[in-house]
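K.L.:
Throw the hints in and build the complete structure from the sequences for me.
Just so you know, the sequences run in chain order W and H.
Its first residue numbered 1, the first sequence is counted upward by one per residue in my numbering.
Its first residue numbered 66, the second sequence is counted upward by one per residue in my numbering.
These are calculated hints, taken from the structure and not from any lab test.
Where hints are given, some of them may not hold.
[Unchecked claim] Derived CB-CB ranges, DEER-like:
(1) H/I264 - W/G53: 23 to 31 Å
(2) H/P303 - W/E34: 45 to 53 Å
(3) H/Q215 - W/A36: 34 to 42 Å
(4) H/G100 - W/T8: 29 to 37 Å
(5) W/S42 - H/N322: 50 to 58 Å
(6) H/G233 - W/A57: 19 to 27 Å
(7) W/S42 - H/I264: 39 to 47 Å
(8) H/P163 - W/S29: 46 to 54 Å
(9) W/E34 - H/R165: 48 to 56 Å
(10) W/G53 - H/L167: 41 to 49 Å
(11) W/S29 - H/A119: 47 to 55 Å
(12) W/S29 - H/A263: 20 to 28 Å
The model shown is predicted, which means the values in this text are computed figures rather than measured ones.
Each residue gets a CB set at the ideal place from its N, CA and C atoms; glycine is no exception.
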Amino acid sequence: MIGKIVQTLGPWGPVLFGIGFLAPLIAQSMEALEIAAPFGLSFIQTGLLIGAGLGLAAKLRGRWI
Amino acid sequence: MNIAVTEPVTGAPAGEKSDRELAREELTIARKYIGPFPVVMAVWGLGNLVCWLALWPLVMTGTLSLWIAFPLATLNVALCYLPSHEAQHSNYAKSGEPLRWLNEFIGYVSTIPLVLPFKTARITHMDHHTYTNDPERDPDYGVKAANWWQAILTGIGRRQPGQPNAYGKLLRAKAEAGDETAKRAMMEGLAQTLSFWAILTALAWSGYAIEAALLWWLPRHIGMSYISLFLSWFPHHPMNEQGRYRNTRHFHYWFGNVVSFGMEHHIVHHLHPGIPLNRNAAAYRELRPLLEKRGCRLDGV
Chain W
1 MIGKIVQTLG PWGPVLFGIG FLAPLIAQSM EALEIAAPFG LSFIQTGLLI GAGLGLAAKL
61 RGRWI
Chain H
66 MNIAVTEPVT GAPAGEKSDR ELAREELTIA RKYIGPFPVV MAVWGLGNLV CWLALWPLVM
126 TGTLSLWIAF PLATLNVALC YLPSHEAQHS NYAKSGEPLR WLNEFIGYVS TIPLVLPFKT
186 ARITHMDHHT YTNDPERDPD YGVKAANWWQ AILTGIGRRQ PGQPNAYGKL LRAKAEAGDE
246 TAKRAMMEGL AQTLSFWAIL TALAWSGYAI EAALLWWLPR HIGMSYISLF LSWFPHHPMN
306 EQGRYRNTRH FHYWFGNVVS FGMEHHIVHH LHPGIPLNRN AAAYRELRPL LEKRGCRLDG
366 V
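P.N.:
Here it is in structure tokens:
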């Protein structure tokens with residue numbers, strides 16, 4: 001059971017990391033550095049877009065860098 | 066791939082000590098350094114953990130600047146492995162001894178900053194000792210690289226998503242062969258890893274993403290690179306020989322033995338894992354003439 005869940009979620013790890021950690025990290029960093037969010041978006045919306053995008057790219061490419 | 070298996074010379078010339086005599090002398094010296102409870106390593110392990118844990122409230126309450134805490138946390142993560150390493154070898158207390166609980170406790174808690182599950186570390190490390198530099202069976206063989214900066218880059222590459230995990234592969238193979246300890250190690254490893262990501266996510270969405278990044282996530286990556294470089298690459302480079310006296314080397318690091326976490330004398334550890342890290346240098350000095358006779362790689366000496 002646990003193994004199945006891990007096998008299903010595992011490949012989506014980078015996307016989950018992008019949403020779960022990178023998104024708020026980007027949002028809070030923008031706020032701390034006083035960087036304005038583009039296109040009238042909020043900080044967290046920007047973070048979610050960039051974080052999920054980076055995570056998806058990492059999943060597809062098989063590497064973050 | 067060119068791997069040489071070099072065993073000690075057994076047929077010593079007349080007038081020279083026999084293999085058995087050399088082994089006996091080596092063991093006599095080693096035994097002097099094995100035994101007393103390694104207080105230094107225990108204090109190091111628990112003190113380092115307390116220091117890292119203390120950074121969190123200090124930073125979150127604004128008592129300590131995050132920019133001071135970040136290098137401290139990085140140091141804590143890099144330092145946290147070696148006390149657990151002693152526990153992997155049961156150097157605090159063997160099974161059945163009164164302080165066995167302390168051995169296991171230090172093993173489990175000291176590597177929390179590194180998120181390295183103790184059972185996984187112990188199982189894979191024992192295989193590393195048994196099969197040092199074996200391309201197929203040494204779980205640390207992936208660190209092999211031509212020079213130190215390539216070793217760092219290789220290590221970062223191995224941590225990318227979808228890359229084969231040597232430790233996971235080894236545990237799975239053992240578990241499939243019916244090894245119950247390996248099965249438990251996999252479950253504990255999974256629980257610890259999921260907990261780490263859950264805590265990071267919770268901190269990040271509670272408004273502490275930068276703190277989580279600079280006290281744990283980034284220090285962990287830097288620490289893993291540092292540990293892999295100094296504990297695996299430096300002592301075993303170029304990783305093309307096997308055999309008791311040739312699979313590990315003595316080396317001189319430009320910035321000293323302390324910066325290399327005492328790994329200059331790692332050869333002593335591979336020959337006698339029961340000698341705690343803080344006694345390796347003294348043991349090395351006494352063992353050196355024997356190691357020279359054995360044809361050990363005493364580089365830079």
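K.L.:
Are the hints correct? Go through all of them and say.
P.N.:
Checked hints:
no. : hint                       : in the structure
1   : H/I264 - W/G53: 23 to 31 Å : holds (24 Å)
2   : H/P303 - W/E34: 45 to 53 Å : holds (50 Å)
3   : H/Q215 - W/A36: 34 to 42 Å : holds (41 Å)
4   : H/G100 - W/T8: 29 to 37 Å  : violated (50 Å)
5   : W/S42 - H/N322: 50 to 58 Å : holds (52 Å)
6   : H/G233 - W/A57: 19 to 27 Å : holds (24 Å)
7   : W/S42 - H/I264: 39 to 47 Å : violated (25 Å)
8   : H/P163 - W/S29: 46 to 54 Å : holds (50 Å)
9   : W/E34 - H/R165: 48 to 56 Å : holds (55 Å)
10  : W/G53 - H/L167: 41 to 49 Å : holds (48 Å)
11  : W/S29 - H/A119: 47 to 55 Å : violated (25 Å)
12  : W/S29 - H/A263: 20 to 28 Å : holds (22 Å)
Checked against the numbered hints given earlier, the structure breaks hints 4, 7 and 11 and satisfies all the rest.
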